[in-house]
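J.: Now for the letters of each chain:
Number of protein chains: 4
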Amino acid sequence: MTNVHQFQCDYIAGCHPNVLEALVRTNLVEVPGYGEDPFCQSAADKIRAACGKPEAAVYFFAGGTTTNLTVVAAALRPHQGVVSCDSGHVEAHETGAIEATGHKVLTLPAHEGKIDAGELDAYCAGYFENAEKVLLVQPGMVYVSFPTETGSIYTLAELEALRRVCDKWDLYFYLDGARLAYGLAASPDVTIGDIARLTDAFYIGGTKCGTLDCEALVINHPALKKDFPALMRRQGALLSKGRLAGVQFDAIMTDDLYFEIGRKAVSQAMRLRQAFIDAGCTMAGDSPTNQQFVCLTQAQCDFMARKYRFEDCGRSADGRRVVRFCTAWSTRDDVFEELVADVAKLKTVA
Amino acid sequence: MTNVHQFQCDYIAGCHPNVLEALVRTNLVEVPGYGEDPFCQSAADKIRAACGKPEAAVYFFAGGTTTNLTVVAAALRPHQGVVSCDSGHVEAHETGAIEATGHKVLTLPAHEGKIDAGELDAYCAGYFENAEKVLLVQPGMVYVSFPTETGSIYTLAELEALRRVCDKWDLYFYLDGARLAYGLAASPDVTIGDIARLTDAFYIGGTKCGTLDCEALVINHPALKKDFPALMRRQGALLSKGRLAGVQFDAIMTDDLYFEIGRKAVSQAMRLRQAFIDAGCTMAGDSPTNQQFVCLTQAQCDFMARKYRFEDCGRSADGRRVVRFCTAWSTRDDVFEELVADVAKLKTVA
Amino acid sequence: MTNVHQFQCDYIAGCHPNVLEALVRTNLVEVPGYGEDPFCQSAADKIRAACGKPEAAVYFFAGGTTTNLTVVAAALRPHQGVVSCDSGHVEAHETGAIEATGHKVLTLPAHEGKIDAGELDAYCAGYFENAEKVLLVQPGMVYVSFPTETGSIYTLAELEALRRVCDKWDLYFYLDGARLAYGLAASPDVTIGDIARLTDAFYIGGTKCGTLDCEALVINHPALKKDFPALMRRQGALLSKGRLAGVQFDAIMTDDLYFEIGRKAVSQAMRLRQAFIDAGCTMAGDSPTNQQFVCLTQAQCDFMARKYRFEDCGRSADGRRVVRFCTAWSTRDDVFEELVADVAKLKTVA
Amino acid sequence: MTNVHQFQCDYIAGCHPNVLEALVRTNLVEVPGYGEDPFCQSAADKIRAACGKPEAAVYFFAGGTTTNLTVVAAALRPHQGVVSCDSGHVEAHETGAIEATGHKVLTLPAHEGKIDAGELDAYCAGYFENAEKVLLVQPGMVYVSFPTETGSIYTLAELEALRRVCDKWDLYFYLDGARLAYGLAASPDVTIGDIARLTDAFYIGGTKCGTLDCEALVINHPALKKDFPALMRRQGALLSKGRLAGVQFDAIMTDDLYFEIGRKAVSQAMRLRQAFIDAGCTMAGDSPTNQQFVCLTQAQCDFMARKYRFEDCGRSADGRRVVRFCTAWSTRDDVFEELVADVAKLKTVA
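Residue numbers (the numbering used here), protein chains in the order written: chain A, 1 to 350; chain B, 351 to 700; chain C, 701 to 1050; chain D, 1051 to 1400.
Here chain A stands alone, though its shape is the one from the complex (with noise of 0.2 Å):
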């Protein structure tokens, strides 16, 4: 493992540095279990804050899978499903876990990782319109995630259209934040209080943005809030020592941390993909977030495999490789500049 950099991913290292000093600092100070801890506390203050929103209800999960069915699981009715495009993380890379809690995905067709809204809007009008919607599942949320799972990220104006929709048809509207921190500093237009003005419920990742194995839920909708924590007990998703996910919460809330997180891996991205393009190779999409695909000969990657880790996506319909790079909160300044230099190299590379 020792000379090779990785960049498959942006969870492949602990958590930041301020992170780990209140770790480290409030490791021995005794406190309750199950959230119910000044650390969970002073962190949702922050979050509320932050968000602009005192009267959010805040709860900490220990990863993204958990949270997603747990929202969903409390949310919908039976015979009520949730909305993503085919793209999404609950359809895609979540191994049934929202079906496990008895609920169907209903896909839309994604448009760069997105759902438009348009087309949720017919989606609705086609069910509810139904004189046979006794035999379909019923929307009953629309999931997103910001950026989505190819790194793009929904315009305000977007945002505001899926509400509008959410609205005409009684539809919950959850959002997935994992990578939120490289989203908000992509956007030139989105904000943390915007989305949590405009949904019902969504989480800060933590995971991928400078914490261990931590999400932070705000819900907004008051009977999304009612007996929260039971729910998420049911779903063995309570975890006994809050405080961990409080402490980390409490520390990268502090002093625009997060947000500042996200705009250097974003910085950081936005040259990597320049060089990339300087080097004469085609991005796959056009993510403006801490992820980026590109696609590259056979050559171009063994090049950069002696050096770096990176992920394989499958293949370019002109038989390349698609590859993705990810930047981080752990991405070594050094490191990142032996990266743009080796990537300059690939114009030289079959």
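Don't read these hints as lab results, they were simulated from the structure.
Among the hints, erroneous ones may be present.
[To be verified] Lysine to aspartate or glutamate pairs mimicking EDC-like chemistry, simulated, CA-CA at most 20 Å apart:
1) Lys-926(C) with Glu-129(A)
2) Lys-133(A) with Asp-1166(D)
3) Lys-483(B) with Glu-1011(C)
4) Lys-264(A) with Asp-189(A)
5) Lys-483(B) with Asp-786(C)
6) Lys-576(B) with Glu-1179(D)
7) Lys-133(A) with Asp-1136(D)
8) Lys-1275(D) with Asp-668(B)
Add chains B, C and D to chain A, keeping to what the hints say.
T.: Chains B, C and D only, in chain A's frame:
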């Protein structure tokens, strides 16, 4: 919170200093996700060695309930249930997490927190020899904890008897070791090797025995091993930063630390128990482990509550409070001596 | 099978002649599927009239277990369970069908097959006033059957008391009327109107009271009505030929037939009971309905078994067999007189 | 409703006269419940004989959705899903009943309602050879219907190819025969023996082919047979008056009746099809079975709607209505001749 010492449970502090040191030391090492990292592999190797089970599969979870529900869902066919005593954790304190996977908990009476092998055998006979068993849930697994909810422990003979009944009726035998370190330290005859030998699966509790939120599941039965990580993922239990658990169990399974933690806390618990008895108090139950249940008058409760937090467990037959004090890896020596000294004063409190 | 008369249960024959006549008469009438036919509408109207509930929703099912599980799944949030006495059908005889929907059955002790309202109130208080209720399943519904599994019936005062407890703690009150005709015939004070007035939902049993496999669910609570056919469909409970149930319930709810069936069978059961008593036998329980449980010596069992089939229900404290004889709509007068005469002979059988 | 003839589906009438006669004849015969009666045994024997499968297990259900969901729940491990084409009944028209059992439906594109064996093979390869398959639902069963939702049928070669792919990847092969009588009548080469030989389980549809609500499941795979009635009970699918289905299938499997019903309806459907073509209408799809889909102008729809009810299936590419006419066992000869004569008049309707 400052001057109150917390004895209400055994998960009030972060993690053992050795564990914390390992987290700090490895924080920036870059490794793959989902438990495919060298820390998880090293921890698993040490666990297999401690168990004398080179073929065992080892997986890490963020908590006991998510471990229990994943094992039950993986092991049982749909019409099967898990047998527990009525005070068992899966029956009494998991908010329906087992039922959420579609399986019933079948209960037997608890005898000091334990299942009686003879009663289990009779129960299975009652099912398998019932002409109308099509209307009944089939016992498919036996669940025990070691120690139990009330701090008691099975003897080696009792575990062997349960194993024989499981073999007779073709049931899985599963052991919840949330407080395994304390149970092993208290037992005159049961070793971790015995537990590994006698059960189909069990977990080594970390959260209550020296780590942050994590548990190590050991699977011995070949049928249960198949596709297990996918089964975890489906329940939202597969951690993307598996390293968090791997690093911690690697540290705590080093140089006998896990077992030493158990021995020290049990030794303190025995001194605490004797102190209560010497002060004229009646113990509630004969726990030989780190949880001590004692009957106190209201005045005695008030006296202790000035300096200590402990858990209220209801009332004894004669109207006194039953309360729980726990020792743990995190119990400080100076605080403990102070506690013992204060307990001695109860003699003079009405 | 020829010369043995079957009294082991109340579903040994097809359907009441009036019901069969209606099936024959309407067989070739062409109607839409899924319960949207005039027979279902007419049957529902007659049921609403009998209940004095013009606003009630009425749906038809093919059996009691599928009715029970669909109601529970429709009514409860994920962390809620249904309270039943420990001899209740949902707890004891449905092979985990409730748990298959993800919900726990919470049990109270049975008192002659019934839940005590005071114990229910205490149980709810124990939950809602528990500081650690996040670890417990929340009671969300009360399940009773009328008559119960042991043939007993609630008084009007008992049902009213249960309703008050349900109102106090915001629980649904659901009544399983698999043998409702027999319960109503036996009750001195409870009418179908009382049951409709006091419960949120209940079902009128057809299968055991004169129809082929079908039951009629009556829903009073507005929240439960919403999208109910879709909820049935999801459980596989929506019959495409809804007419089969509609025609049958339309016939059996005509001219008081359903209630007359109950009265006749209960009248026979009371004669049978007296015959056993006159013969010196001990009854097992005080059932006033169509199921009679009696203790017989082995010789008496053998004597009866030459001509009759009856159900074995285990052993009484003094070692005799407890057996069940059921009367039903299908009990033939001549066979019944023969049975009573044979029971009288038990006096002389050791 | 009087003067409108119903062709919108094939479950508008009760049951075939022979079936009705059997129900009347056996109505008062007293038999045990839960399918343990001689009618069910006789029906099962006739089915086994027709299939050439003396070892097959046969069980009866009240509908197709409850059959499908019970088989899926019984067969799959929790992380597995069932592969269907996107127009398959389990995916498109069961209100999430499969997901309610905790399993995902994995979809392949429909080719005239059918799965392509090559695409299935590629899909399985894509899963089993995927390095990150832990994040994906494992294909565990293939679901097809015969005929399909659009009335098409698999050839023998196509079924054999699917069987080979199932063997290659260790999947169950399950066939939904809701309209099996019509499919077999239409097929030049597939017999019920072939279906029994090639599948692990399939059901013989009764509801749409001459009985009241019932279907007969045939299980060939030994692992699926184990404890199957208990698995049915858990889903609320075990009928207490099993005789209702037993009597009906016993009658319809006598003297080739089931197959004769199919032949007559298919023969009518082919005449109807030709009549539409002769009238200049365009058929929507090439159904050789009892469902015929045809494109009509609005004027033609209005013309037909004066005397007939048929199903609206949306619009064709050129804006005409696509409608469905079904023949069935209940189609009266005189009405059918009238229909054909009226279809001939469509030539003159704009």
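J.: Against the 20 Å threshold, does the CA-CA distance of Lys-483(B) and Asp-786(C) hold or violate the hint?
T.: holds (17 Å)
J.: Do the alpha carbons of Lys-264(A) and Asp-189(A) lie within 20 Å of each other, as the hint requires?
T.: Within the cut-off at roughly 18 Å; holds.
J.: Taking only the CA atoms, is the gap from Lys-576(B) to Glu-1179(D) under or equal to 20 Å?
T.: holds (16 Å)
J.: Within a Cα-Cα threshold of 20 Å, do Lys-483(B) and Glu-1011(C) meet the stated pairing?
T.: OK: Lys-483(B) and Glu-1011(C) at ~14 Å, within 20 Å.
J.: Could you grab the alpha-carbon distance between Lys-133(A) and Asp-1166(D) and see if it respects the 20 Å cut-off?
T.: violated (29 Å)
J.: Keeping to a limit of 20 Å between CA atoms, is the pair of Lys-926(C) and Glu-129(A) held or broken?
T.: holds (16 Å)
J.: Given the hinted pair Lys-1275(D) and Asp-668(B), is their alpha-carbon gap at most 20 Å?
T.: violated (56 Å)
J.: Do the alpha carbons of Lys-133(A) and Asp-1136(D) lie within 20 Å of each other, as the hint requires?
T.: Holds, at roughly 17 Å.
The structure fails hints 2 and 8 (numbered hints given earlier, in ascending order).
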